[in-house]
Amino acid sequence: MALLEVKGLRASYGPTRVLHGLDFALDEGSITAVLGANGAGKTTTLRALCGMVKTEGEMRFGGARIDGRLTEDIVRLGIAHVPDGRGTFVNLTTEENLRLGAYTRKDRAAVESDLARIFTYFPRLKERRRQQAGTLSGGEQQMLAVSRALMLRPKLLLFDEPSFGLAPLLVRELFEIMRTVNQRERVSILLVEQNAAMALDLADRAYLIETGRVVLSGPADEIKRDDAVRRSYLGY
Amino acid sequence: MDAFMHQVLSGLATGGIYASLALALVMIYRVTHLVNFAQGEMAMFSTYIAWSLINAGMGYWPAFLLTVLLAFVLGVVIERVVIRPVENAPVLAIVVIFIALLVILNSATGWIYSYTIKTFPSPFPKEPLFGNRYMSSHELGAIGITLVVLVLLYVFFRFTPLGLAMRAVAQNPESSRLVGIRVGWMLALGWGLAAAVGAVAGMMIAPIVYLDPNMMGGILLYAFAAALLGGIDSPGGAVIGGFAVGVLENVLGAYVIGNDLKLSVALGLIIGVLLVKPSGLFGKVHVTRV
Chain A
118 MALLEVKGLR
128 ASYGPTRVLH
138 GLDFALDEGS
148 ITAVLGANGA
158 GKTTTLRALC
168 GMVKTEGEMR
178 FGGARIDGRL
188 TEDIVRLGIA
198 HVPDGRGTFV
208 NLTTEENLRL
218 GAYTRKDRAA
228 VESDLARIFT
238 YFPRLKERRR
248 QQAGTLSGGE
258 QQMLAVSRAL
268 MLRPKLLLFD
278 EPSFGLAPLL
288 VRELFEIMRT
298 VNQRERVSIL
308 LVEQNAAMAL
318 DLADRAYLIE
328 TGRVVLSGPA
338 DEIKRDDAVR
348 RSYLGY
Chain B
149 MDAFMHQVLS
159 GLATGGIYAS
169 LALALVMIYR
179 VTHLVNFAQG
189 EMAMFSTYIA
199 WSLINAGMGY
209 WPAFLLTVLL
219 AFVLGVVIER
229 VVIRPVENAP
239 VLAIVVIFIA
249 LLVILNSATG
259 WIYSYTIKTF
269 PSPFPKEPLF
279 GNRYMSSHEL
289 GAIGITLVVL
299 VLLYVFFRFT
309 PLGLAMRAVA
319 QNPESSRLVG
329 IRVGWMLALG
339 WGLAAAVGAV
349 AGMMIAPIVY
359 LDPNMMGGIL
369 LYAFAAALLG
379 GIDSPGGAVI
389 GGFAVGVLEN
399 VLGAYVIGND
409 LKLSVALGLI
419 IGVLLVKPSG
429 LFGKVHVTRV
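Just so you know, the protein sequences line up as chains A and B, in that order. Per the numbering used here, the first sequence runs over residues 118 to 353. Per the numbering used here, the second sequence runs over residues 149 to 438.
Any given hint might turn out to be false.
What the hints assert, rightly or not - Derived DEER-like restraints, expressed as beta-carbon distance ranges: (1) N236/B <-> R330/A: 29 to 35 angstroms; (2) A154/A <-> A256/B: 58 to 64 angstroms; (3) D144/A <-> I247/B: 54 to 60 angstroms.
To be verified - Computed, partial: chain A to chain B, Cβ under 8 angstroms: (4) T160; (5) H198; (6) P200; (7) G204; (8) L209; (9) R216; (10) L217; (11) T221; (12) R245; (13) L286.
To be verified - Pulled from the structure, derived: some chain B residues nowhere near chain A, Cβ distances all over 10 angstroms: (14) F185; (15) R232; (16) A237; (17) K274; (18) S324; (19) I388; (20) K410; (21) I419.
Calculated directly from the structure, the hints in this document are not laboratory data. Cβ atoms here follow ideal geometry from the backbone N, Cα and C, with glycine treated the same way.
For reference, chain A alone in the conformation it holds in the complex (with noise of 0.2 angstroms):
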């Protein structure tokens, strides 16, 4: 069963519509790629499953209703959003921050110990957990804003541009974190990314949206092998 459903989804700025009546679907312990140029839309449709911008359309994640739901009651039914821009708490310590990814859970002792499990996934984070976020560098802050998402539990991690101004080195770190948390805490996976050969290595489907359209979509290893993706998206 689809564990997220999207159906006809249409979302504007002020009078300008971004998207036009999107279709898609992702299943339970996927990875789901969305691929597309600048300005498609990709962003917005992550926006929009969090209630961060009036949509139209239906929505449904495990079978219930999000269309027109606030925010943080959307992200209490388990989707965790890593934002572009990463969404840092930059006045506030590495641990705050990873506190406040799990402010909704009330099972205490499962958050220490999801801590202590995130410290072992980024030593760095360890090291660095009485500073003050904002000092961290890029990279250290999306390894933050990754493992802030994973406090939460969640049952559906969206992704928004992680590779985004990152060295190629932590790129390949960060999409194998990725897998890891998809295959071991089976946590399903959103990705919008501009780095369309990675992200088709990584998922098991792709959507290729165009001006706030599904213009294409399939299993991953397919898609890879369409010749307008491959010219377009791929380069070769």
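Mind docking chain B on chain A? Use the hints.
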């Protein structure tokens, strides 16, 4: 020398009260980026509630605690009912609402309680504490109460999950929503806390300036000066600014410009800080990228 010490110490006592009110201003500023002009009148109104409770025969401390609680509720209700609907309105509209609140609370109090000046009791004994020559026991007690309030607030914001959530909201409302914090309620809670702190300030200053609907006008001005001096977005700065303004006002009033012109110290400070260092002593300099 004795007289000078006396001026400094009693300056610290009123300074503590300015610090509390300045802290209330800063708490609201940090989440709304606006200065709540009605903060003083909210404190004044709460003090009248305390007066009613005490006059109805309640003991001082039970009345004190109940007033703080009621002030908290009043703050939350004002945020929910008055401020919430205009959350996204232009700045000037909200400022006008603050001023309207000020006038409404002031006139309503005058209407209910009349404008006659009333005395307000101090919970502290008449004789100076510990036989000291410099401070009345109310002054010493007011400093003590202020410090207790400050420590409680510090512990709340620094060590509790709710306090952490409120700091997060002040900094980044969007990211706060994304971790599931109910931002709207945190704002209301901030208003409640600010009102409660203001109520304490009102009850501590009332025995000194007496109770009347206009009692907080001057006090609020000193609190503005304190908040600006410390940096309008810095809680620690507001506290230090409060004590500094209290001492400065007293010493200048006694030795330089005379008591009648004391209030101009606050105005001078406000203008001076805005001209020379708008971010205050401990505030952050705001840089906007164009």
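Hints, verified against the model:
1. N236/B <-> R330/A: 29 to 35 angstroms: 31 angstroms, holds
2. A154/A <-> A256/B: 58 to 64 angstroms: This hint holds: roughly 60 angstroms between Cβ atoms.
3. D144/A <-> I247/B: 54 to 60 angstroms: 57 angstroms, holds
4. T160: 13 angstroms, violated
5. H198: 5 angstroms, holds
6. P200: 7 angstroms, holds
7. G204: 4 angstroms, holds
8. L209: Holds, because the Cβ-Cβ distance from L209/A to chain B comes to roughly 7 angstroms (cut-off 8 angstroms).
9. R216: 7 angstroms, holds
10. L217: OK, holds: L217/A within 8 angstroms of chain B, min 5 angstroms.
11. T221: 4 angstroms, holds
12. R245: 18 angstroms, violated
13. L286: Cβ of L286/A sits 27 angstroms from chain B, so the hint is violated.
14. F185: Given that every Cβ of chain A is farther than 10 angstroms from that of F185/B, nearest at about 27 angstroms, it holds.
15. R232: 14 angstroms, holds
16. A237: 18 angstroms, holds
17. K274: 46 angstroms, holds
18. S324: Check fails; 8 angstroms does not lie beyond 10 angstroms.
19. I388: Correct as stated: the minimum Cβ-Cβ distance to chain A is 19 angstroms, above 10 angstroms.
20. K410: About 36 angstroms separates K410/B from the closest Cβ of chain A, which puts it past 10 angstroms; holds.
21. I419: For I419/B, whose nearest Cβ neighbour in chain A is about 29 angstroms away, the distance exceeds 10 angstroms, so it holds.
Going through the hint list in order, the structure does not satisfy hints 4, 12, 13 and 18.
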